[in-house]
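Undergrad: For the record, the sequence lines run as chains A and B.
Under our numbering, read the first sequence as residues 129 to 367, first letter to last.
Under our numbering, read the second sequence as residues 129 to 367, first letter to last.
Hints may contain errors.
No copy labels: a pair is met if it fits in one copy or bridges any two.
Unchecked claim - Straight-line C-alpha distance at most 20 Å; calculated DMTMM-like pairs for lysine to aspartate or glutamate: (1) K269 - E307; (2) K342 - D239; (3) K269 - D171; (4) K248 - D174; (5) K166 - D147; (6) K248 - D171; (7) K342 - D357; (8) K269 - D299; (9) K342 - D198; (10) K323 - D352; (11) K269 - D235; (12) K342 - E185; (13) K323 - E307; (14) K248 - E203; (15) K323 - D299; (16) K342 - D171; (17) K323 - D174; (18) K248 - E307.
The set of hints was computed from the structure by calculation and includes no laboratory data.
Number of protein chains: 2
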Amino acid sequence: MGLEGVRALLFDVFGTVVDWRGGITREAAPFLRRHQVKADPADFADAWRRRYSPAMEEVRRGRRPFTRLDVLHRENLVAILPEFGIDPADIPPSELDALTLAWHRLDPWPDSAAGLQRLKTRYIIAPLSNGNIILMLDIAKRGGLPWDAILGAEVVQAYKPTPEAYLRTADILAMRPEELCLVAAHNDDLAAARKCGLKTAFMPRPTEHGPEQKTDLTAAQDWDIVTTDMGALAQHIGL
Amino acid sequence: MGLEGVRALLFDVFGTVVDWRGGITREAAPFLRRHQVKADPADFADAWRRRYSPAMEEVRRGRRPFTRLDVLHRENLVAILPEFGIDPADIPPSELDALTLAWHRLDPWPDSAAGLQRLKTRYIIAPLSNGNIILMLDIAKRGGLPWDAILGAEVVQAYKPTPEAYLRTADILAMRPEELCLVAAHNDDLAAARKCGLKTAFMPRPTEHGPEQKTDLTAAQDWDIVTTDMGALAQHIGL
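For reference, chain A alone in the conformation it holds in the complex:
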């Protein structure tokens, strides 16, 4: 098993390519200090991320037109502030705008940039993330991620794991689904991609959710590739 016939590698980003929890924790810390909140900033990161999928679900179910993730992140930030004893009305909108951009300043895992550079020599590489274009672009520019294009939810106007997110991406690339491989740290994302006919590579990130992580530590199916990081993936396929 491997990547025979694959022409493009598509990557989940939050958790798979970048460390969202570490980045949001780092950015939330001065915000919480400034507002005299004693909570652990990692809890703030977790609370913010907890509203991520429910917010997209409104779009996935057609109850809301497609809305880019930056907007959902901003709304979710307002929603969690009371959980930390902050009245959103007390915070200037410009400060909430600035904190929302914390998601644009996430750091790649240490292996990501160098591994992607190797993978790029043979494959088209692009994010297939629910993050919007400028969010992905800012992360890439800051972290040196050498994407060939920015694909994902905003381009296809559909959030993973709806089938349209994967199938419309294949259509845009003028490829059959089996010519694409999704690389992700999340079994559910890979399962949805496989149902659409994509190849799958599982790259667990056992500290994505912190030291106590219980989910996505092992492969839930016989994915086409199971690997440990970007460098190992490049080595696995002979690069």
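Could you slot chain B onto chain A? The hints should help.
TA: Here is chain B on its own, set in the frame of chain A:
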């Protein structure tokens, strides 16, 4: 005058970044030979390109839903074959598909890749072309064009020079129009961009249409920058 406040440089591609006429001439030559057509392959390239804007006009006027350029190029190829004495029904569809991909194999002008690499150190750089995503991506991968993202008509579902092509691109980048600068070899593209509030850089390509070119040799307005090639543009802005 210059690029004060600009954060992203967006590029017209056909003619500005790549030599479409040289590339199509090169790819058409063996096709015409194979079918015993004695015409100049450069005339074939010109004929194919002549149908480019009229085909998009059907989309621009709303008479046809957005249709990616690869599809229009394929239709336009069938349309011009009789002009060269070829009955489209005599050519296998797979051969027409392959020739349509000639547009994916256009070479950059000699200054493009190195100049873009310099510009990328300070600005977000992306195509804002009527070419579709995989067309732009294949050209970039082959020619070493280091785009930060592939933007353009397919992403915003609108063909230049309609205002939506420029304004929706600014919206996706979460920037005001004046934070974007369009770099183009065509005065009409720049005029449309300026009407939308973008900054403008004119980079004439005096042999885009061959040695007898009469159009777009000089600036039709006082564009924010007038330059000669990508290296000169980088130098002009101190890179």
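Undergrad: Out of the numbered hints, which ones does the structure contradict?
TA: Numbers 2, 3, 4, 5, 6, 9, 12, 14 and 17 - these are the hints that the structure violates, sorted from lowest upward.
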